[in-house]
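Protein chains: 4
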Amino acid sequence: MKNIAILSSGTDNSGINAAIRSIVRSASSMKMKIYGVNWGYRGLIDNSIHCLTSRDVSGKIGKAGCFLGTGRPEGCFVPENIPKMMETIKKNNIHGLIVIGGRTSLIHSQKFVDMGIPVIGIPSTIQDDIVGTDICLGVDSAVNNIVKYVDKIRSCEFSRDRTFIVQVEGKTCGSLALRSAIACGAEICLVPEQPCDDISVIARDLADASMTGKTQVLTMVSSGWKPGVKALSDYLVEHMEETDLLVRETVLGYVQRGGSPTSYDRLLGLRMGFEAVKAISEKESGKMIGLRNNEFLRVPFSEFLANDKPMDKALMNLFHLSR
Amino acid sequence: MKNIAILSSGTDNSGINAAIRSIVRSASSMKMKIYGVNWGYRGLIDNSIHCLTSRDVSGKIGKAGCFLGTGRPEGCFVPENIPKMMETIKKNNIHGLIVIGGRTSLIHSQKFVDMGIPVIGIPSTIQDDIVGTDICLGVDSAVNNIVKYVDKIRSCEFSRDRTFIVQVEGKTCGSLALRSAIACGAEICLVPEQPCDDISVIARDLADASMTGKTQVLTMVSSGWKPGVKALSDYLVEHMEETDLLVRETVLGYVQRGGSPTSYDRLLGLRMGFEAVKAISEKESGKMIGLRNNEFLRVPFSEFLANDKPMDKALMNLFHLSR
Amino acid sequence: MKNIAILSSGTDNSGINAAIRSIVRSASSMKMKIYGVNWGYRGLIDNSIHCLTSRDVSGKIGKAGCFLGTGRPEGCFVPENIPKMMETIKKNNIHGLIVIGGRTSLIHSQKFVDMGIPVIGIPSTIQDDIVGTDICLGVDSAVNNIVKYVDKIRSCEFSRDRTFIVQVEGKTCGSLALRSAIACGAEICLVPEQPCDDISVIARDLADASMTGKTQVLTMVSSGWKPGVKALSDYLVEHMEETDLLVRETVLGYVQRGGSPTSYDRLLGLRMGFEAVKAISEKESGKMIGLRNNEFLRVPFSEFLANDKPMDKALMNLFHLSR
Amino acid sequence: MKNIAILSSGTDNSGINAAIRSIVRSASSMKMKIYGVNWGYRGLIDNSIHCLTSRDVSGKIGKAGCFLGTGRPEGCFVPENIPKMMETIKKNNIHGLIVIGGRTSLIHSQKFVDMGIPVIGIPSTIQDDIVGTDICLGVDSAVNNIVKYVDKIRSCEFSRDRTFIVQVEGKTCGSLALRSAIACGAEICLVPEQPCDDISVIARDLADASMTGKTQVLTMVSSGWKPGVKALSDYLVEHMEETDLLVRETVLGYVQRGGSPTSYDRLLGLRMGFEAVKAISEKESGKMIGLRNNEFLRVPFSEFLANDKPMDKALMNLFHLSR
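Residue numbers (this note's numbering), protein chains in the order written: chain R, 1 to 323; chain X, 1 to 323; chain D, 1 to 323; chain P, 1 to 323.
What the hints contain is simulated information worked out from the structure, not anything from laboratory work. Take these hints with a grain of salt, some might be off.
Intra- or inter-copy, both count: the list cannot distinguish identical chains.
Stated by the list, open to error - With a straight-line cut-off of 27 Å between C-alpha atoms, the simulated DSSO-like cross-links for lysine-lysine are: (1) 313 to 31; (2) 171 to 230; (3) 33 to 214; (4) 60 to 313; (5) 63 to 214; (6) 31 to 214; (7) 214 to 60; (8) 313 to 278; (9) 2 to 31.
Given only the sequences and the hints, what does the whole structure look like? Please build it.
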């Protein structure tokens, strides 16, 4: 195993540059060569790939996103692209791939495993929806981003009778919302795993929280929660007379994933990077580096690809106990 | 003129605490007594008012919002409330009022002038829509808040082909959007003073900007721009095939006004506070403290109440030259 | 076990308010009463203590420091104070103590254990020098504070030939410096566990790093490293001709511990608070809540009081591999 | 006037990239060509210079420092370098120079004026020590940096009896310290313009401020104040018994000038850039762009080079009134 290519697929988030740093630096000490692929799988199609030296990763650890660029996997794996990707791999004499990305991106990398190219995955997504790891790369930075916005929103602390609804990412997994709700001291947290049939129940909870004398009530909502922030907000506006709640709705978009990575994500990225190089040098393939109880494991793709991440009950408990 | 009451009306923003600090501290050196009114005009109705000493304003200059609380003026001036407010004024032996707030809040204070109570206003609103002052208290902090969010959004700089649409406050006045657009290096700025008949023109501008090779194109929009962010965004999604633009829309809500004030707003608040005390001690009334070319003026309410602020042509020029 | 008093001793850092929040909220669900002691052990001497309700901890989770105040333990335990403290405990009918603090503060609490008052400790110090827990409360926030300053220092990236020396806290333990060095991508890290006999070796390392073409070289130093930042800095200034290094020295003081806590410290504080209440309700005493591999343990005081924390070899390895 | 070279001399600070942006963009609309010189005057000696297009300045406005690099003027103007610089100017057919920098850097540019090369200066230094302009580029960002650090230091608000001494830049001019002192609500401000003979007077002021019941007392000091922070700090430590003051000293170093520029500095940089291009296109030379009462003037070098900036009495008044 001499030449390894590394790519980041999916939306970019914090900590990826740290992973690339440690991959490059540890690989060079193991006499491997690392190739950086630009724009995710797209770079394999276009042969946009180049050798990375220790100098190339200098000063990148504090930068947001991924300095190689990322790209969505969708559309990359149409039949005519597969030979192009394989040609890039052969032309550059690549013996293995490290893929940094979310669930969909890792699923796609199985294709290379099937074609005999060893692949090691690094779970990186603020959706935090991957089974087999306690946390994904980028989540700590995203939660801290959210916390800072909510602190700012709440800092106008002497404004009265406000109900803040904050929507964060989470299509199928409420982890980001739940962590943020706990860290922000939210009164209510709405996650995809627990859809709601009757919004009036939530409205009553909000009115109750407001009546305890709090000047501000905070509701944290995952983007994938049903029936959705708009339905909730519409209901509250419609029933304002009854509930006496003045609602402010904030949809946190790209700001969640931007900015300088936290130290946690930098260390996690570095450690996952090392583990990935180690795994690939030991001829592993089709596995993802997972963190469980502070130890790094090699989780077979099959194990996490097939399963949805169950809701983190410990976190949900922590939320209910502390709010 | 011995006892002065101070209140903050409208939504809270940065710099108000600095104004209150200097009002209290300079008044005490002039042997005046300052009363703080809670929750805006509402506090006059409810007799929620108390004496402020030098110690009460210690450590407040760095805090967001207004430590007395603010409140909307709407609903306060129904006929049955007027005698209540006057009673509070008499009971506490108040000889004059300093009102910190936006246009609507200052307009309402004219009522007290008419009833013989001297009033001095301090223009404080991130809408920046008041004639007679170059800038309102809170605008600098709001622009810096916006700049930080956009920097964060843009920090993922290696993501491709993204068009960011960011909506900021500005019902009738584009000042905040314009200042933010210049500071952020936006490609397009859409303000209420220049409504748009034909969205396809904007779409073409965006596509052009994108085709010059920029990986990210930024559009800054005032909330009061017609036909609105939603219409623009819908159009772009619908015509994505033609324009090849992937659109991300962010509506910046309360985060614009939160957080610790900038040093500019702290100094502006302090200076406006002093000028207000000086004006009221010199028996002025019905006037607002305005800043023009670095000098403080006393602008009669009549002058700015009747007129909409014209668009700042120098700023618009600066935007067009620098983008 | 009905009435529990809580106090924070030592210098304040981030996450303490979160711990108090969860102690108060979980205790109330267990029908316990929580008393907050002001200014650390000093409040026990002065009987400065009051009951905390769920409302008292609302909105505190995002605040820096400790809202009860903290105080140094030194001088509190002179013989004449012990009866005063015991009187406060009896007068308020306190059945147990939760002490949040660093090593010295926890050592002092043994006094109460000896006198028959159950005590549970929460390890909270940015020194991170306590055996028996993987990390102390406040460390994550401190590292992120340091990272932000270093990012700012380094952001002027086109200035040439600068060697930055940054001193962070760490009297006997290099954990904070090491974590920061890794997260910042420092070239050199100097910790108390590894004193230096010959500064010329470090100077040569710095000159070597500088000659690889880096425009900036970063050295992270613990305050307890011998012979100290001043000696290093003096040496480098003296030998500037040979090494061609322009040195900038920054001593990070109180800024390390200030600011809003990170989400990690908020969750850690909440969880440690719960575990403390649980432990004390189960009649444990003389134990500290420790985190090991993501599990919470009850570590007897005797175990960590007697021993210095050994240097974290995994972290030192991570530093050497990634730099 | 066709080809203009631009260089940034001295230490880098915020807003320079905005100035370069507007110089490049407005020059291109006037059919001029702009050349960027790397590393200040050093780049003229080394012929390190290249043409800048509109694309080169895209996305730079939010970056710290100067993307061309800066360099100290010292040592550049030895006799053997002058012909090298002139050769670079001739070889690249440069018709004029725009120099961005502090007082020393602008003084050196007079050399080119004397040799017949038109020069326009932009005053950029956080020392803020240049006569002829109300404020220099970079000052607003530096003050906001300082404010943020002090806010963080002060955020641990329930720690008792602390006297914070914060040293900021200012060799001969106290502007930065004074602005920061006002914005932070400092109790004492020590500037180079007012050296102190008897430190015991300051110690008494501090003790008095502390005895009014404040938990924290803040002293802001310019680096050029005599006898200096160390002398003050030593005195206070020595006399701790009498004054009962626990002192914490912070020397803010490079962090003052780092980080993303404020919107004020971005707009100021853009506007100064335009004015510089306009001035040079109108065949002005040996002049600096100054801002006075919100208007831009062309100030002859002779006017400000010879004179020290007098202390800003309005600011000193504001400090005394508001503290």
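Status of the hints after comparison with the structure:
When the C-alpha separation of residue 313 and residue 31 is checked against a cutoff of 27 Å, the pair qualifies only between copies, where the shortest distance is 24 Å, while the shortest distance within a copy is 44 Å. Proximity of residue 171 and residue 230 under a CA criterion of 27 Å is satisfied in both settings, with 15 Å inside one chain copy and 22 Å between copies. In this homomeric assembly, residue 33 and residue 214 come within 27 Å of each other (Cα to Cα) only across copies, at 22 Å, whereas the closest approach inside a single copy is 58 Å. In this homomeric assembly, residue 60 and residue 313 come within 27 Å of each other (Cα to Cα) only across copies, at 25 Å, whereas the closest approach inside a single copy is 36 Å.
With identical chains, the CA atoms of residue 63 and residue 214 are at most 27 Å apart between copies only, with a shortest distance of 17 Å across copies and 39 Å within one. Taking the shortest alpha-carbon separations for residue 31 and residue 214, only the inter-copy value of 23 Å comes in at or below 27 Å, while the best intra-copy value is 61 Å. Taking the shortest alpha-carbon separations for residue 214 and residue 60, only the inter-copy value of 13 Å comes in at or below 27 Å, while the best intra-copy value is 43 Å. Within a single copy, residue 313 and residue 278 get their C-alpha atoms only as close as 33 Å, which misses the 27 Å cut-off; across copies the closest is 18 Å, which meets it.
Taking identical chains as interchangeable, the C-alpha atoms of residue 2 and residue 31 lie at most 27 Å apart only when both belong to the same chain, with a minimum of 7 Å there against 53 Å between chains.
Checked against the numbered hints given earlier, this structure breaks none of them.
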